[in-house]
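**Student:** The chain contents come next:
Number of protein chains: 2
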Amino acid sequence: MADADGKRPVVLILGGGFGGLGAARKLKHADADVVLVDDHDFHTFQPMLYQLATDVIETSAVAHPLRDLFHDQPNARIHQATATAIDLERRRVEFEQMDAIDYDYLVIGLGAQVNYFGVEGADEHAFPMYTLNDAVRLKEHVLRRWEAADRDPSLIDDGALRVVVVGGGPTGVESIGALSELYRSVFSKDYPGVPMDQAQLTIVEAGPTLFSMFDSKLQDYTHETLGNWGVEILLGEVVESVARTRVKLKSGTELRAHTLVWGAGLQAHPLADEIGVELVRGRRIPVRPDLRIADHPEVFAVGDIAAITDAKSGEVLPQLGSVALQAGEHAGENIAALLAGKATEPFEYRDKGTMATIGPGAAVIQFPRGRTMKGKAAFLAWGAVHLALLSTGEDRTKAMLDWTWAGFTHDREGRILVDDDAD
Amino acid sequence: MADADGKRPVVLILGGGFGGLGAARKLKHADADVVLVDDHDFHTFQPMLYQLATDVIETSAVAHPLRDLFHDQPNARIHQATATAIDLERRRVEFEQMDAIDYDYLVIGLGAQVNYFGVEGADEHAFPMYTLNDAVRLKEHVLRRWEAADRDPSLIDDGALRVVVVGGGPTGVESIGALSELYRSVFSKDYPGVPMDQAQLTIVEAGPTLFSMFDSKLQDYTHETLGNWGVEILLGEVVESVARTRVKLKSGTELRAHTLVWGAGLQAHPLADEIGVELVRGRRIPVRPDLRIADHPEVFAVGDIAAITDAKSGEVLPQLGSVALQAGEHAGENIAALLAGKATEPFEYRDKGTMATIGPGAAVIQFPRGRTMKGKAAFLAWGAVHLALLSTGEDRTKAMLDWTWAGFTHDREGRILVDDDAD
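Chain order of the listed sequences is B and S.
Residue numbers for the first sequence follow the working numbering, beginning at 42 and rising by one.
Residue numbers for the second sequence follow the working numbering, beginning at 42 and rising by one.
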């Protein structure tokens, strides 16, 4: 569908996450130039980030070069650059490191960033868990605290080995579970001189339960499992402030902890503010049933930056990788339809269940119609589903090998500090 | 062999490279406290560093957590700390991050650092290839230059994609060979818009040939192979100065290149200056036939920091991983002998041949008595020997899988930029 001067329409996709990738792939056979731009030159498989942070798997298992994914798609171009402004009227996006790009269709899949809800000191001292760099930073920080405590045991009493995780959702629970496994199976052997009972792990949740989105049976199982592992669970508690070695709760309690992991909330990418529509909870861009934004039928928003309402249930969908991937693919199909002169279709999410893992041999799954699964069977199912989601065959094999190895033999690899900046 | 107050003798080992590891392992059954201290918490498998820099293998294949290697050695303790002073009279070593340690026996295996021989700008702009961090920095820099050229093609003419490697020894040749493979097999697909003939790779050597330590047949093969791959070989040329985007040769030629890799020389770790003996070429510590230093029968030096004379041939041995490993093991055995009231033995190097690889399917081997091997057979032998040297079974398997995959299918993994600082 070339226009009068012979140029093909340009579909610009901002973001190479699940949403952006899904959209780009569904445009493989479209008669258009597909341009995908991301801050990074890789796609991050976010559901396994916490495993990278705790050394179960390696960087290449959660990050895949974007260019690699498009060797077989000649109509796609990839650029690594940061979008700085979206001009909906002129249909143009500006970038920090390169010239602006004019588009005919735009897919906004820029994702989210951590939301500290104004907690004092969090910006400076908390460790978020959203990007690959976050996971690497957390891993290196925890390792450095253990090395420091090994050199100077008086730091243990000061909280050097204590980690406080904020948030009882999947990010928080998966992180504390993986840390617990790392502490019990690896550090107890690596640091024989350290008394493990002084290496406390604590999870703080404002509500009355962990995993509030799951069935109460799964919540009980989660509390019991983490409790058996010695994890301290503080419910109905809210973090008031964070310092380098202390965490203060609203209840007045002060925890000695050199590490605070923030798994408590997201807000949309700041460019959401420029779309000119009223943003909804989490500063997300509300979209129409076909994933287009109001007044701009050539602009789609997908993934964590969008508030997507399910066409069937009428409910706003959660910020999950599976939602982002399906919405991205749907946006790509709708653009392909428009390019072919056809109408768009509303988006319906196919819920295959929500899973989370607490540790090796311990996971929970909530299926659509109330059914649940927990324990070892759920753990194996979790592994199979996540591996199936990974982008390429090679990655899938590597991740499976690493993951199975860690799950069944309690070993770790890659447990090293590349960059030894003090902290 | 406890002394009068019941304390066991302390063997302090500085450095967790091939030398330090070899010494520590041979002391597994000694009645002594073995304390190994390294700047890092991991051992680096240096012979494969250039493969990490060019994404053939992953970090965990060349770096192994030191603590992991000593789970089965209860008399060993590991600390991550930087030695700042060696007091030979008081038998004490001071550290930046922890209290000083008093020793009964000391093994100095601190290695070397890059030697720029005073070349102007090298300290600021050159990329050395000695540590894990060096390899990661080079990889990220080269990837960033390609992404920058993708955004702004005018940078190509300025030399953004050109890499100059200095030094025709194994470090230089292996690096340029691996870069050539990366350029030809991966970047040509990842960046379809970039004219590959403008991505020149150049190796600069002051002498009349690459691989001067090898037989002339192997030199010819190396020149021919690199030439066939389009690598520019500049012999009898010396680098005069380096700027961010330019390399100036003594002959007056100026090369437009945004990357200069320094593989041209090493000098011993600066603590060698404190030993109080006259240092030899490369500021190395000369050792006696049994690897002890003059006037201090309780102090051994091994690896790249030491100038070791072979007891049989009377020649100073080259700075190779195999020499360091054998010397470290020998020092450990000699200390075990002293602890048991026996005499030390002189060190004899068992030369099994020297190998280097130019690229997939192309390697050279020089055997002790003049025999040589080259091409695919040498490449396979090189792989087998290096894998056998790796520390643990798991690493060996992983490295072999990664390496074989890359060697035979021309694919790469881990080709991503974690840290996107501008450069």
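Derived from the structure by calculation, the hints contain no laboratory data.
Note that the Cβ used here is the ideal one computed from N, Cα and C, for glycine as well.
Incorrect hints may have been included.
Simulated DEER-style distance windows between Cβ atoms [as the list claims (entries may be wrong)]: (1) S:Ala384 to B:Ser229: 36 to 44 Å; (2) S:Pro233 to B:Asp128: 56 to 64 Å; (3) B:Gln138 to S:Ser282: 24 to 32 Å; (4) S:Gly394 to B:Ser229: 18 to 26 Å; (5) B:Thr250 to S:Glu135: 24 to 32 Å; (6) B:Glu137 to S:Gly277: 43 to 51 Å; (7) B:His70 to S:Asp113: 51 to 59 Å.
**Student:** Evaluate each hint against the coordinates.
**Tutor:** Hints, one by one, checked against the model:
Between alanine 384 of chain S and serine 229 of chain B the Cβ separation comes to about 41 Å, which falls inside the hinted range of 36 to 44 Å. Between proline 233 of chain S and aspartate 128 of chain B the beta carbon distance is about 29 Å. The supplied range of 56 to 64 Å is therefore violated. At about 29 Å, the beta-carbon gap between glutamine 138 of chain B and serine 282 of chain S stays in the expected band of 24 to 32 Å. Between glycine 394 of chain S and serine 229 of chain B the CB atoms are about 43 Å apart, so this pair departs from the stated range of 18 to 26 Å.
Range check, threonine 250 of chain B to glutamate 135 of chain S: about 52 Å between beta-carbon atoms, so the 24 to 32 Å window is missed. With their beta carbons about 44 Å apart, glutamate 137 of chain B and glycine 277 of chain S fall inside the hinted range of 43 to 51 Å. The hinted range of 51 to 59 Å is satisfied by histidine 70 of chain B and aspartate 113 of chain S, whose Cβ atoms lie roughly 57 Å apart.
Hints 2, 4, 5, counting from the list given before, are not met by this structure.
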